[in-house]
Amino acid sequence: MKIAITAQQQEMSAPLDPRFGRAPYFMIYDTDTKSALAVNNAQNLQAAQGAGIQAGQTLLDQGVGVLITGNVGPKAFRMLSAAGIQVYLTPSGTAEQVLQRFQAGELQESKQANVQGHWM
Amino acid sequence: MKIAVASGKGGTGKTTVSTNLAFIANQIGKQVHLLDCDVEEPNCHIFLQPTITSTESICVPVPEVDVDRCTGCGECAAICRFNAIACLKKGVLIFNELCHGCGGCWRVCPEKAITVGSREIGVLENGASYGFRFTQGILRIGEAKAPPLIRKVKEAQNGSALVIFDSPPGTSCPAIETMKGVDAVLLVTEPTPFGLSDLTLAVETVRKMEILFAVVINRCDAGENKTREYCQRERIPILLEIPDRRSVAEAYSRGEMAAHCIPEIRNLFEQLLHSLEEMETQSQ
Chain A
5 MKIAITAQQQ EMSAPLDPRF GRAPYFMIYD TDTKSALAVN NAQNLQAAQG
55 AGIQAGQTLL DQGVGVLITG NVGPKAFRML SAAGIQVYLT PSGTAEQVLQ
105 RFQAGELQES KQANVQGHWM
Chain B
12 MKIAVASGKG GTGKTTVSTN LAFIANQIGK QVHLLDCDVE EPNCHIFLQP
62 TITSTESICV PVPEVDVDRC TGCGECAAIC RFNAIACLKK GVLIFNELCH
112 GCGGCWRVCP EKAITVGSRE IGVLENGASY GFRFTQGILR IGEAKAPPLI
162 RKVKEAQNGS ALVIFDSPPG TSCPAIETMK GVDAVLLVTE PTPFGLSDLT
212 LAVETVRKME ILFAVVINRC DAGENKTREY CQRERIPILL EIPDRRSVAE
262 AYSRGEMAAH CIPEIRNLFE QLLHSLEEME TQSQ
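Chains A and B are the protein sequences, given in the same order. Mapping the first sequence onto our numbering, position 76 (from 1) lands on 80, and the numbers just tick up by one. Mapping the second sequence onto our numbering, position 240 (from 1) lands on 251, and the numbers just tick up by one.
Worth flagging that the hints you see were computed from the coordinates, not collected in a lab. Careful, some of the hints might be misleading.
What the hints assert, rightly or not - With a straight-line cut-off of 16 Å between C-alpha atoms, the simulated EDC-like cross-links for lysine to aspartate or glutamate are: (1) B:101 - A:65; (2) B:100 - A:65; (3) B:163 - B:67; (4) B:156 - B:52; (5) A:6 - A:100; (6) B:100 - B:79.
Please put together the full structure from these sequences, using the hints given.
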């Protein structure tokens, strides 16, 4: 299974980025190979709208099954649940730390958006 | 003559100028049509108390997907500039609130799985006030895109001698949509640093649009002289200066037009009408 973590830089020691749609990178950890790769989300940082939806599309295309991030809005959540991607929210930590917390069963799955959409 | 009453800054007096000008022009026998294009917060009706005779629902096109035909190929999501479509493994997910109705998706769909649906964005109301025609658009609450409704409001005009479009504030799409294609723009400002800063932006905008324009200074004897100096330096005609009078503010607070109840203001608006006519003659 692949686990995506929103990160401020492209390494597992980087701090979690609390934003989903406009996080600079997704660290994607594969539990089968126990390795991580970074996916650049730069094209979404400047999106006028729908960044969360596009970010969800990126994760779906990458075959991700679990997302760990800080905040998810309503449209992104609708996209993620339609794509069958489970959402786990945590406010801080490095990508590595939040992954460990997830694997230790310390994070709870979120069943709804935790923040409002941006201006619509 | 079609004019737009606009401003950079909000709250400078666009509606005051639009309603009073329409009222006075009608009083002296001109055929007038006032259209409130500030569809996010139309407020001309407060001063005009119009009788609304027709209401029309305004819709924009949105994609509707036939899930049986959709193969999830992703062509529609790829062409969408507004991130309104996400492609799932089977089928697509559509976010109507992000859709601009451009029609890209239903044109590219190789399976012809997308048909054109519609979504209501607001209503258009037509009526009359003090004997002249009045139109306003009311955007549905929560709707983010005003221009499609503003276009419908503008289409409601049918060649009255004086057509006045009351614009939303600012210099973004809604204001530009309102000002497009008019004969002249009246930029209403107030003599404050904020008023001048936003007037400068509005002037840059109308110059780029190559529309004839002039300035109205509201509450002209309050604040600073810098707005007048700016207009002189930029050779922008000031067609009207409305004095900062308690009586004007009181009329406003009662929902009355100052030109209706204060003779001094009535004279000023008659002069504005003459100045506009002169400006139009000179430009021809």
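Do the hints match the structure? See the list:
| no. | hint | in the structure |
| --- | --- | --- |
| 1 | B:101 - A:65 | holds (13 Å) |
| 2 | B:100 - A:65 | holds (9 Å) |
| 3 | B:163 - B:67 | holds (10 Å) |
| 4 | B:156 - B:52 | holds (13 Å) |
| 5 | A:6 - A:100 | holds (14 Å) |
| 6 | B:100 - B:79 | holds (14 Å) |
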